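Novice: For reference, the chains in residue letters:
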Amino acid sequence: MAAQEKAQKITLAKGLNMGLRKAMEADPKVLIMGEDVGKLGGVFRITDGLQKDFGEDRVIDSPLAESGIVGTAVGMAMRGYRPVVEIQFDGFVYPAYDQIVCQVAKIRYRSKGRVPMPIVIRIPFGGGIGAVEHHSESPEAQFAHTPGLKVVACSNPVDGYWMIQQAIACDDPVIFLEPKRQYHADKAELDDTVTPEPLFTSRVVRQGGDVTVLAYGPTVKTALKAAEAASGEGRSLEVIDLRTLSPLDMAPVLDSVRRTGRAIVVHEAHVNLGMGAELAARITEECFYSLEAPVLRVGGFDTPYPASRIEEDFLPDLDRVLDAVDRSLEF
Amino acid sequence: MNPFGPDLAEVFGPSQSDGGPELVQLLTPEGERVHHLPPGLEQFDLDFSAEQLRGFYRDMVLVRRLDTEATALQRHGELGIWAQLLGQEAAQVGAGRALRPQDFVFPTYREHGVAWCRGLDPLKLLGLFRGVDHGNWDPADYNFGLYTIVIGAQCLHATGYAMGMQRDGVVGTGDPDRDAAVVAHFGDGASSQGDVNEAFIFAASYNAPVVFFCQNNQWAISEPIERQSRIPLYQRALGFGFPGVRVDGNDVLATYAVTQAALQRARDGQGPTFVEAYTYRMGAHTTTDDPTRYRLSGDVESWKLKDPIARVEAYVKRNGLADADFFADVAAEADELGATLREGCKALPDPQPMSMFDNVYAEMTDELGAQRDGFAAYLDSFEGAR
Numbered sequence: 001m002a003a004q005e006k007a008q009k010i011t012l013a014k015g016l017n018m019g020l021r022k023a024m025e026a027d028p029k030v031l032i033m034g035e036d037v038g039k040l041g042g043v044f045r046i047t048d049g050l051q052k053d054f055g056e057d058r059v060i061d062s063p064l065a066e067s068g069i070v071g072t073a074v075g076m077a078m079r080g081y082r083p084v085v086e087i088q089f090d091g092f093v094y095p096a097y098d099q100i101v102c103q104v105a106k107i108r109y110r111s112k113g114r115v116p117m118p119i120v121i122r123i124p125f126g127g128g129i130g131a132v133e134h135h136s137e138s139p140e141a142q143f144a145h146t147p148g149l150k151v152v153a154c155s156n157p158v159d160g161y162w163m164i165q166q167a168i169a170c171d172d173p174v175i176f177l178e179p180k181r182q183y184h185a186d187k188a189e190l191d192d193t194v195t196p197e198p199l200f201t202s203r204v205v206r207q208g209g210d211v212t213v214l215a216y217g218p219t220v221k222t223a224l225k226a227a228e229a230a231s232g233e234g235r236s237l238e239v240i241d242l243r244t245l246s247p248l249d250m251a252p253v254l255d256s257v258r259r260t261g262r263a264i265v266v267h268e269a270h271v272n273l274g275m276g277a278e279l280a281a282r283i284t285e286e287c288f289y290s291l292e293a294p295v296l297r298v299g300g301f302d303t304p305y306p307a308s309r310i311e312e313d314f315l316p317d318l319d320r321v322l323d324a325v326d327r328s329l330e331f
Numbered sequence: 332m333n334p335f336g337p338d339l340a341e342v343f344g345p346s347q348s349d350g351g352p353e354l355v356q357l358l359t360p361e362g363e364r365v366h367h368l369p370p371g372l373e374q375f376d377l378d379f380s381a382e383q384l385r386g387f388y389r390d391m392v393l394v395r396r397l398d399t400e401a402t403a404l405q406r407h408g409e410l411g412i413w414a415q416l417l418g419q420e421a422a423q424v425g426a427g428r429a430l431r432p433q434d435f436v437f438p439t440y441r442e443h444g445v446a447w448c449r450g451l452d453p454l455k456l457l458g459l460f461r462g463v464d465h466g467n468w469d470p471a472d473y474n475f476g477l478y479t480i481v482i483g484a485q486c487l488h489a490t491g492y493a494m495g496m497q498r499d500g501v502v503g504t505g506d507p508d509r510d511a512a513v514v515a516h517f518g519d520g521a522s523s524q525g526d527v528n529e530a531f532i533f534a535a536s537y538n539a540p541v542v543f544f545c546q547n548n549q550w551a552i553s554e555p556i557e558r559q560s561r562i563p564l565y566q567r568a569l570g571f572g573f574p575g576v577r578v579d580g581n582d583v584l585a586t587y588a589v590t591q592a593a594l595q596r597a598r599d600g601q602g603p604t605f606v607e608a609y610t611y612r613m614g615a616h617t618t619t620d621d622p623t624r625y626r627l628s629g630d631v632e633s634w635k636l637k638d639p640i641a642r643v644e645a646y647v648k649r650n651g652l653a654d655a656d657f658f659a660d661v662a663a664e665a666d667e668l669g670a671t672l673r674e675g676c677k678a679l680p681d682p683q684p685m686s687m688f689d690n691v692y693a694e695m696t697d698e699l700g701a702q703r704d705g706f707a708a709y710l711d712s713f714e715g716a717r
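Going down the list, the protein sequences come from chains Y and S.
Under my numbering, the first residue of the first sequence is numbered 1, with each subsequent residue one higher.
Under my numbering, the first residue of the second sequence is numbered 332, with each subsequent residue one higher.
Watch out, some of these pointers could steer you wrong.
Below, computed lysine to aspartate or glutamate pairings styled on EDC-like, alpha-carbon distance capped at 16 Å [unchecked claim]:
| hint | chain 1 | residue 1 | chain 2 | residue 2 |
| --- | --- | --- | --- | --- |
| 1 | Y | Lys29 | S | Asp689 |
| 2 | Y | Lys112 | S | Asp499 |
| 3 | Y | Lys106 | S | Asp464 |
| 4 | Y | Lys106 | S | Asp689 |
| 5 | Y | Lys221 | Y | Asp186 |
Derived by calculation from the structure, the hints in this document are not laboratory data.
Just so we're clear, the structure is a prediction, and the values are computed from it rather than from any experiment.
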């Protein structure tokens with residue numbers, strides 16, 4: 001039995017589902033709230049089977065009102081619960097924006113630490129699924145800009161399994177971003193006997209010496225593909241999966257950039273005032289004399305998310321990353 | 332004939348500036364004891380004891396004094412701003428005294444009278460308006476949440492908290508020391524907020540033990556109630572699927588009785604109730620506001636005749652329920668409270684600048700810690716620093 005568990009091949013959706021189940025088993029105060037999370041198991045099936053096993057009091061189908069979901073989660077947290085809220089799609093988080101920014105983020109501070117807000121707000125984010133408007137966005141910078149929130153993004157099934165459990169165990173509110181395009185895409189082997197890395201850490205996922213590529217969520221896969229392609233041309237890219245966006249874990253980033261002298265940030269979000277801007281500023285402040293080229297950004301253009309037939313032109317892809325690598329190396 | 336249903340005026344009747352015929356009232360503005368309760372609530376037409384009446388009177392006098400002192404402190408530059416409750420003492424004391432210890436309150440920023448009933452030191456309220464903190468009390472110590480500035484946001488918190496109570500098994504057990512409920516305070520302006528309406532929907536959907544206590548003081552800063560609602564606010568509750576009742580918010584007895592009934596209903600597991608306490612904001616919205624720009628002094632004068640304290644005083648005196656010493660003692664106590672607040676407010680220390688970095692997160696993050704340390708070093712770099 002133990003050996004079977006040791007070597008499971010799982011998707012990101014399965015990893016998140018298993019992680020949620022583990023967290024609910026470990027702590028009876030953990031609740032799931034959201035639209036269609038019960039019988040349906042969520043539109044992406046991330047909460048599949050949980051209501052059946054944990055009951056309607058712990059897996060709560062909510063009315064269709066995002067502010068209501070997050071606002072009642074605040075009250076539940078005040079009563080000692082640890083709500084895990086599902087926002088159905090990234091573009092639907094805005095009705096809850098006030099509750100997240102003015103309440104969830106600030107109540108610990110307002111109360112001088114007396115009222116913690118251990119809430120996880122799961123948001124499927126990013127594009128590439130051929131959806132209609134509001135279903136493909138990347139709002140992470142809006143939350144990373146808000147003190148009091150923590151923001152993380154998983155990129156693969158194994159991280160999904162561990163990171164969701166760690167986020168639920170965290171005593172601060174966590175915006176938990178899930179790359180929806182990856183939910184059912186790739187499988188990875190889960191060994192749940194290992195000790196996971198801490199939640200708020202970044203990780204080098206491919207070593208290299210020429211250019212540092214910083215990615216998170218859906219663009220980690222893109223960056224890794226680019227690194228593979230670049231290696232065929234004799235260029236060695238180091239890829240870092242940031243995993244945590246607020247707080248940032250700058251140590252591995254700075255260490256890498258000091259070695260390579262070049263950095264490229266890749267995200268689906270609009271580049272203007274996106275995570276890339278903050279990373280470029282921090283790298284410049286800390287590694288000015290190591291830089292051989294300006295920090296470059298590859299991201300979504302500063303347009304609203306376009307119609308899906310041209311979304312692949314909007315999203316950063318392998319070629320746009322390689323183009324940035326060329327520009328960095330030519331500088 | 333309206334093909335979509337009856338005319339609104341037929342259903343609700345004309346707008347009534349006096350609260351209309353549905354207004355629950357137990358004590359008239361003249362201090363006459365009446366029994367205007369809707370059918371089914373007769374058991375809450377309590378036989379109020381002399382001690383209870385004296386208690387209400389004392390609470391309201393002291394709360395008014397707290398409000399007057401705070402307003403004066405703002406004028407003297409000791410508070411940045413103050414949100415006055417003048418005229419709403421009965422609504423707040425009635426609602427506050429109807430609570431049991433295990434009940435929980437979610438206030439706006441004007442619930443000084445409810446805070447008083449919960450035993451909160453009024454100095455803690457002044458701290459927020461002075462700007463030394465955002466609310467320096469532990470909600471768990473008083474079962475009284477922190478003041479919430481964003482209009483209506485706390486109604487969702489109240490509903491979620493009530494849903495937590497349901498899961499904790501403290502609703503509908505029949506044990507009066509165990510069963511609990513929540514009161515969500517808000518005003519007529521907030522009734523237009525999405526969060527308030529979503530709170531109604533969630534509370535109705537889950538049958539949550541929450542009393543939505545709306546002080547309709549007729550004004551949202553400069554906007555009259557007519558800008559928020561075409562129908563009496565309490566009537567809205569029916570559309571959400573739970574009862575609504577309008578009570579004379581200047582009548583502490585009626586407010587107490589109705590809130591107690593609504594709380595008991597919630598504790599018993601029968602779900603939410605909307606209580607509209609029909610009252611009037613006698614003062615400005617806050618000390619920065621100038622109501623002479625938007626309302627008639629005649630309206631204010633007519634509401635002065637409905638003063639919540641005067642009617643209790645008249646009733647108590649007429650029925651010989653308190654002697655002259657009692658009134659003198661309360662007046663002396665109010666003077667003492669005023670002096671304590673004046674001195675205490677001025678003595679509230681400013682927070683240390685470095686404390687702004689505390690409690691953003693459960694544990695200081697490396698990046699925020701670096702910012703804090705950098706700021707400390709910067710401060711230390713000045714000649715003669717520290």
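Novice: Indicate, hint by hint, whether the structure satisfies it.
Specialist: Status of the hints after comparison with the structure:
Between Y:Lys29 and S:Asp689, the direct Cα distance comes to roughly 27 Å. Violation of the 16 Å bound is thereby established for this hinted pair. This hinted pair does not check out: Y:Lys112 and S:Asp499 have alpha carbons roughly 26 Å apart, beyond 16 Å. The straight-line distance between the Cα atoms of Y:Lys106 and S:Asp464 is roughly 13 Å, inside the 16 Å bound, and the hint therefore holds. The suggested pairing of Y:Lys106 with S:Asp689 holds, with an alpha-carbon distance near 12 Å, which does not exceed 16 Å.
In summary, the hint linking Y:Lys221 to Y:Asp186 is supported, as the alpha carbons are separated by about 10 Å, within the 16 Å threshold.
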